[in-house]
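Protein chains: 2
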Amino acid sequence: MRGKFIVLEGGEGAGKSSALSWLRTELSHDEFVFTREPGGTPNAEEIRNTIIAHREDDLDPLTQLLLFEAARREHVLRTIMPSLALGKHVISDRFSAATYAYQVIAAERPELKEFFDLIDANVCDGCAPDHTLFLDIDPEIGIRRKEGSGDRLNVFDEKDIAFHNRVRVGMNEYFKGRSYTAIDASQDQQTVREHIKRIILSVVHGTQP
Amino acid sequence: MRGKFIVLEGGEGAGKSSALSWLRTELSHDEFVFTREPGGTPNAEEIRNTIIAHREDDLDPLTQLLLFEAARREHVLRTIMPSLALGKHVISDRFSAATYAYQVIAAERPELKEFFDLIDANVCDGCAPDHTLFLDIDPEIGIRRKEGSGDRLNVFDEKDIAFHNRVRVGMNEYFKGRSYTAIDASQDQQTVREHIKRIILSVVHGTQP
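Chains A and B supply the protein sequences, listed in that same order.
Under the numbering used here, the first residue of the first sequence carries the number 1, and numbering increases by one thereafter.
Under the numbering used here, the first residue of the second sequence carries the number 1001, and numbering increases by one thereafter.
Because the hints were derived from the structure by calculation, they are not lab data.
Some hints here could point you the wrong way.
Here are some of the chain A residues that sit facing chain B, going by a computed Cβ distance under 8 Å [claimed, not checked]:
(1) N43
(2) L62
(3) T63
(4) K113
(5) V123
As the structure is a prediction and not an experimental result, all values here were calculated from the model.
Quick reminder that beta carbons are idealized off the backbone N, C-alpha and C, glycines included.
Next up, chain A with everything else stripped away, as it sits in the complex (with noise of 0.2 Å):
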């Protein structure tokens, strides 16, 4: 049986990453595959030290839109969609959801709607999550922790409030209509990562949604 392709969606700070941490402890590996975005193959993650690398010449969102799209289409190839049809389970940090809410709507580029659905839904080929886990925090919030954290910050990281509101819009704006569940992801850690486990389950025992 074809396994389940979920995703977990988040703004900076959210604890999407070390939620994913404690999965990985929490999951059986037989069962389930972890993997991100952009990633999840080498060429994917090649493609990903280009986007996320601080350079003197600074991408434009388009060309971001592009390079996210590629390492996509790799990543729904080579990873998720033999993952799938080997019956296992497909955790990723990140898909879709990120594109359209960082490089359409937090870039201000609402006349790359169409052309980001049209490139998705190519790229995709119909391998679409089967439920999303969005960690919503308040950006003030996200950002304050983020700093606290001691990670090293990526140049998404570094862009503006404003920029991380417009973000937590699109994302809103993305999942209406779609199978989702938003996570209040400013109360206590583990009742978080409790939240989505449980999800998570019962997603896969087809229980949810």
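Given chain A, work out where chain B should sit, using these hints.
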């Protein structure tokens, strides 16, 4: 006055690179900017490395298309358009025609035609070559030349003759209705070079096409 944008295209072994090396010594660097695709900016050169690298996981043609267009976006924004605006003439080793010929036609993905048109139009945003020089050669002759040259072969050089024949068909299809000159690249090297130089100067002086 805005400079002219001139592109050189050609199949493997058509002598494009050596003709460009010669042109660099013939044409004034005050007037002409020499650049290449994929490449022409630090980010685009990094994307180039991802595209031409030999890895275990071959890139899907759609991934290649997206990467070429991502590199082109940076090239157009950071190098080509600013140079033209300064009144410099830009000579590029390859541009959009190659993406169409290699990733759509030679890769046998005709369903990507409209997709390519839309992405390329958004990426170039009106920045089209004033003229293209197409160094045309029978792939049988071109590949034999290239193999004899001692040049390192890349991932595209190693494709079979049928692939290179399709590239040639794709190039001819792309140029239909556009401003270009096909040059018989099986002629002796100096004849071809002088022909290229003559056309470039006539485009720059507005006497051609």
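Hint check:
1. N43: Cβ of A/N43 sits 6 Å from chain B, so the hint holds.
2. L62: Given a least distance of 5 Å, the restraint on A/L62 holds.
3. T63: Nearest chain B Cβ about 4 Å off; hint holds.
4. K113: 12 Å, violated
5. V123: 7 Å, holds
Checked against the numbered hints above, the structure violates only hint 4.
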